[in-house]
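On the provided structure of chain A, position chain G as indicated by the hints.
There are 2 protein chains.
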Amino acid sequence: MSKSIGIIGAGIGGLHLALYLQQHGIDATVITDRAPDDVASGRLMNTVAHHSVTIAREDALGVNHWDDPSIVYHHHDHFFNMPDGPLLFRGAFKNPSRAVDYRLYLPKLMEDFSDRGGRIEYRSIQDNDVPALVARFDLLVVSTGKGPLGRLFQHRSEHTPYSQPQRLLCVGLWDGVDHGGPDKPDPRGVTLSVSPGHGEMIVIPTLTAEGMKTALLMENVPGGDMADLVSLNHDADPAAFRQTILDRLEQHHPHTYDRIDTQRFAVAGQQDLLQGGIVPTVRQTAASFDDGKFAIALGDVHSVVDPLMGQGANMASYAAFELGQAIVEAVVFDARFCEVVDQRREDRVLAASRWTNLMLQPPSEAMGRLIFTMSQNRELCDAFTENFNYPERQWDHLASEKRTHAWIDSHMAQAA
Amino acid sequence: MSKSIGIIGAGIGGLHLALYLQQHGIDATVITDRAPDDVASGRLMNTVAHHSVTIAREDALGVNHWDDPSIVYHHHDHFFNMPDGPLLFRGAFKNPSRAVDYRLYLPKLMEDFSDRGGRIEYRSIQDNDVPALVARFDLLVVSTGKGPLGRLFQHRSEHTPYSQPQRLLCVGLWDGVDHGGPDKPDPRGVTLSVSPGHGEMIVIPTLTAEGMKTALLMENVPGGDMADLVSLNHDADPAAFRQTILDRLEQHHPHTYDRIDTQRFAVAGQQDLLQGGIVPTVRQTAASFDDGKFAIALGDVHSVVDPLMGQGANMASYAAFELGQAIVEAVVFDARFCEVVDQRREDRVLAASRWTNLMLQPPSEAMGRLIFTMSQNRELCDAFTENFNYPERQWDHLASEKRTHAWIDSHMAQAA
Numbered sequence: 000m001s002k003s004i005g006i007i008g009a010g011i012g013g014l015h016l017a018l019y020l021q022q023h024g025i026d027a028t029v030i031t032d033r034a035p036d037d038v039a040s041g042r043l044m045n046t047v048a049h050h051s052v053t054i055a056r057e058d059a060l061g062v063n064h065w066d067d068p069s070i071v072y073h074h075h076d077h078f079f080n081m082p083d084g085p086l087l088f089r090g091a092f093k094n095p096s097r098a099v100d101y102r103l104y105l106p107k108l109m110e111d112f113s114d115r116g117g118r119i120e121y122r123s124i125q126d127n128d129v130p131a132l133v134a135r136f137d138l139l140v141v142s143t144g145k146g147p148l149g150r151l152f153q154h155r156s157e158h159t160p161y162s163q164p165q166r167l168l169c170v171g172l173w174d175g176v177d178h179g180g181p182d183k184p185d186p187r188g189v190t191l192s193v194s195p196g197h198g199e200m201i202v203i204p205t206l207t208a209e210g211m212k213t214a215l216l217m218e219n220v221p222g223g224d225m226a227d228l229v230s231l232n233h234d235a236d237p238a239a240f241r242q243t244i245l246d247r248l249e250q251h252h253p254h255t256y257d258r259i260d261t262q263r264f265a266v267a268g269q270q271d272l273l274q275g276g277i278v279p280t281v282r283q284t285a286a287s288f289d290d291g292k293f294a295i296a297l298g299d300v301h302s303v304v305d306p307l308m309g310q311g312a313n314m315a316s317y318a319a320f321e322l323g324q325a326i327v328e329a330v331v332f333d334a335r336f337c338e339v340v341d342q343r344r345e346d347r348v349l350a351a352s353r354w355t356n357l358m359l360q361p362p363s364e365a366m367g368r369l370i371f372t373m374s375q376n377r378e379l380c381d382a383f384t385e386n387f388n389y390p391e392r393q394w395d396h397l398a399s400e401k402r403t404h405a406w407i408d409s410h411m412a413q414a415a
Numbered sequence: 000m001s002k003s004i005g006i007i008g009a010g011i012g013g014l015h016l017a018l019y020l021q022q023h024g025i026d027a028t029v030i031t032d033r034a035p036d037d038v039a040s041g042r043l044m045n046t047v048a049h050h051s052v053t054i055a056r057e058d059a060l061g062v063n064h065w066d067d068p069s070i071v072y073h074h075h076d077h078f079f080n081m082p083d084g085p086l087l088f089r090g091a092f093k094n095p096s097r098a099v100d101y102r103l104y105l106p107k108l109m110e111d112f113s114d115r116g117g118r119i120e121y122r123s124i125q126d127n128d129v130p131a132l133v134a135r136f137d138l139l140v141v142s143t144g145k146g147p148l149g150r151l152f153q154h155r156s157e158h159t160p161y162s163q164p165q166r167l168l169c170v171g172l173w174d175g176v177d178h179g180g181p182d183k184p185d186p187r188g189v190t191l192s193v194s195p196g197h198g199e200m201i202v203i204p205t206l207t208a209e210g211m212k213t214a215l216l217m218e219n220v221p222g223g224d225m226a227d228l229v230s231l232n233h234d235a236d237p238a239a240f241r242q243t244i245l246d247r248l249e250q251h252h253p254h255t256y257d258r259i260d261t262q263r264f265a266v267a268g269q270q271d272l273l274q275g276g277i278v279p280t281v282r283q284t285a286a287s288f289d290d291g292k293f294a295i296a297l298g299d300v301h302s303v304v305d306p307l308m309g310q311g312a313n314m315a316s317y318a319a320f321e322l323g324q325a326i327v328e329a330v331v332f333d334a335r336f337c338e339v340v341d342q343r344r345e346d347r348v349l350a351a352s353r354w355t356n357l358m359l360q361p362p363s364e365a366m367g368r369l370i371f372t373m374s375q376n377r378e379l380c381d382a383f384t385e386n387f388n389y390p391e392r393q394w395d396h397l398a399s400e401k402r403t404h405a406w407i408d409s410h411m412a413q414a415a
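From first to last, the protein sequence lines stand for chains A and G. The first sequence begins at 0 in numbering that gives the first Met the number 0 and counts up by one. The second sequence begins at 0 in numbering that gives the first Met the number 0 and counts up by one.
The following block holds chain A by itself, in its conformation from the complex (with noise of 0.2 Å):
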């Protein structure tokens, strides 16, 4: 059967899942308005880390190009800003994870598919364009929600049924924040630090075009503390902001904030802040036209998590590799190909939307006692550590109340 798949978007998914089908033989166009150079000079797109099983598929892919064991980052730091006194704990990787600005990724992937002979063609599409894609490809998949894309996909509810974002972003990268390294005491690591009432910071070591920096990723309680980060306007009075970030991280992410260099503490360029919120929002496989033609979801399109557990990329991939097997096993884009990409992809991609979002919310009695346990165990903190890769099996412990209990018991029990 003829295969010419249309891929709109050039974000982790789309490139992914185009490098795949290259891989595969299959003929495979990537639509996206932004070049290579406009992604390498603009703006920071997001602050993400990839998973061992995300680096795999890399491997796979042989685009693997920051193989360097001197980047990556061995474990999570979790640090609790409690009332009655601090909480800080480690869970490790068996493998490690890494962060590289996707101002370098993305660009250094679209070169990848372009020397291979891959199509990018360069637009925006505007709702009357969908038309026409359809009937040019015999299946399209979408993996950006810009313009008229995202609204092809309906809304799922019941998995998500947020209509604000339930966290306000402040996210950049900054100098002068130790994360550990090759060169320091302590190996490179990433902080999870909480501070109750008032959100999550993510510290993230990150590769940039100028070297290591440190991402500071602020998930910010509406109504909270820090709230106003979201919208505190930078370029307007640098010092200011650079002051009032250290203000608030000196009273809720202590932590982090003994590990800063005040003297160096800054942005580290000046397109790398970026500021808003996201609606959790999962979204239907597929959709289908006319013409007995489909559209797929992949990345974000179909489930956009909050930052907090690092999943969004990670999960695009996984997709993307889901996605490319099923094409390259189909015999027909129907409405049974649409299902079984979903039957493939979905137990992992929505059990990173509920653990995503079920950490957004204030911890239950047993999330309570499973940062306790993992205090003082750090099995049970290296198993949840290294559950990032697996999300499914991270829902499995967390999805009720008794699950978790039977969790903590077993790794006690181990313990005894």
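Since the hints were derived computationally from the structure, they do not count as laboratory data. As the structure is a computational prediction, the values presented were derived from the model and not from experiment. Where is the CB? At the ideal position from N, CA and C, for every residue including glycine. Misleading hints may appear alongside valid ones.
[Said to hold, decoys possible] Calculated lysine to any residue pairs in the SDA-like style (CA-CA distance at most 25 Å, straight line): (1) A:Lys2 with G:Gln413; (2) A:Lys145 with A:Ser3; (3) G:Lys2 with A:Arg392.
[Said to hold, decoys possible] To be clear about the criterion: a stretch of chain A counts as covered by chain G if any three or more of its residues have a C-beta under 8 Å from a C-beta of chain G, and this derived list gives those stretches: (4) 327 to 336; (5) 388 to 401.
Chain G in isolation, oriented as in the chain A frame:
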């Protein structure tokens, strides 16, 4: 964790699950209103063939008491009573199938379960018994739709929009119908005979307490020539009943009529007739109760299909094993557990329902081409036949006309 499982119903689903759990050291109690002797001496319950995947599960459970090559069957003969001349062709299984009267089969499996220390309670369940059953067990499995129990599980009308039977059944065990055999020129086989517009008849060699008989399973179209057989009274006038059946077979299913020894042709025994109809219905996998407990639907309660494709019992056994494995692995019986059970079994169970319901419709152009091509291409018909073991694979070929054409095309390309 405590795993005390209550199984209501002692059909193949309930018994295969009970035996599976027993084999894996999990406490299971079967509750049924019919003692083995009542089943053995009662009316014909159904005419069920076990395909080789189900026989393999019987081997795994150590309950394959009918491992006798002289009673199995090896192929399907397809007969179409077309106005412009009959169509007759054969498809073979890789491994044979077998039909054993459930009045032999079920009591023997109940005996196996009891002999191995299993607990069977004989009583009927009323509405007001449900809360006590829920409280008594860690998980309730409902594998009978009798009484109030089927209503626990919501109908999924998106899969089965039917409110009436799609066929009127007249089912019996007969003497005097040749179905082949080791002592015959032709090996033993099932015939699937279609009289377009009037219905289907499945002719199944069946082991009974009185030796080999032939099941004539008539699925008659409401309003068609055979519809009245659903209420034709045998006992009022056995000779007239017999003659009416003969006359209708001669007209609508002549391939089978030609294999009848009219001298010997008679209903095998007084209780060997079953008339009625079923409404194809898919229900939710699970029901939840106030105390956080759940009940799981198994077998016909979960999905009941017309017996046209011989899927009901095979699906119940398949689902029993999937559920059994999930129970063995479970740490908690919660909503996530029910979801995992659903994920594991849903594709095959739904495929059996969809495929069967599709075959009840007038054939599409693609289905017509499939039938004609199978009559010319033995490999294609063998593949169709083997897929009675794997309804999800059948559905992969039948879910859309495009798929069916693609399947035919691939077999024609191989043949050329």
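Consistency of the hints with the structure:
no.: 1; hint: A:Lys2 with G:Gln413; verdict: holds, 21 Å
no.: 2; hint: A:Lys145 with A:Ser3; verdict: holds, 22 Å
no.: 3; hint: G:Lys2 with A:Arg392; verdict: holds, 22 Å
no.: 4; hint: 327 to 336; verdict: holds (count 5)
no.: 5; hint: 388 to 401; verdict: holds (count 5)
Checked against the numbered hints given earlier, the structure satisfies every one of them.
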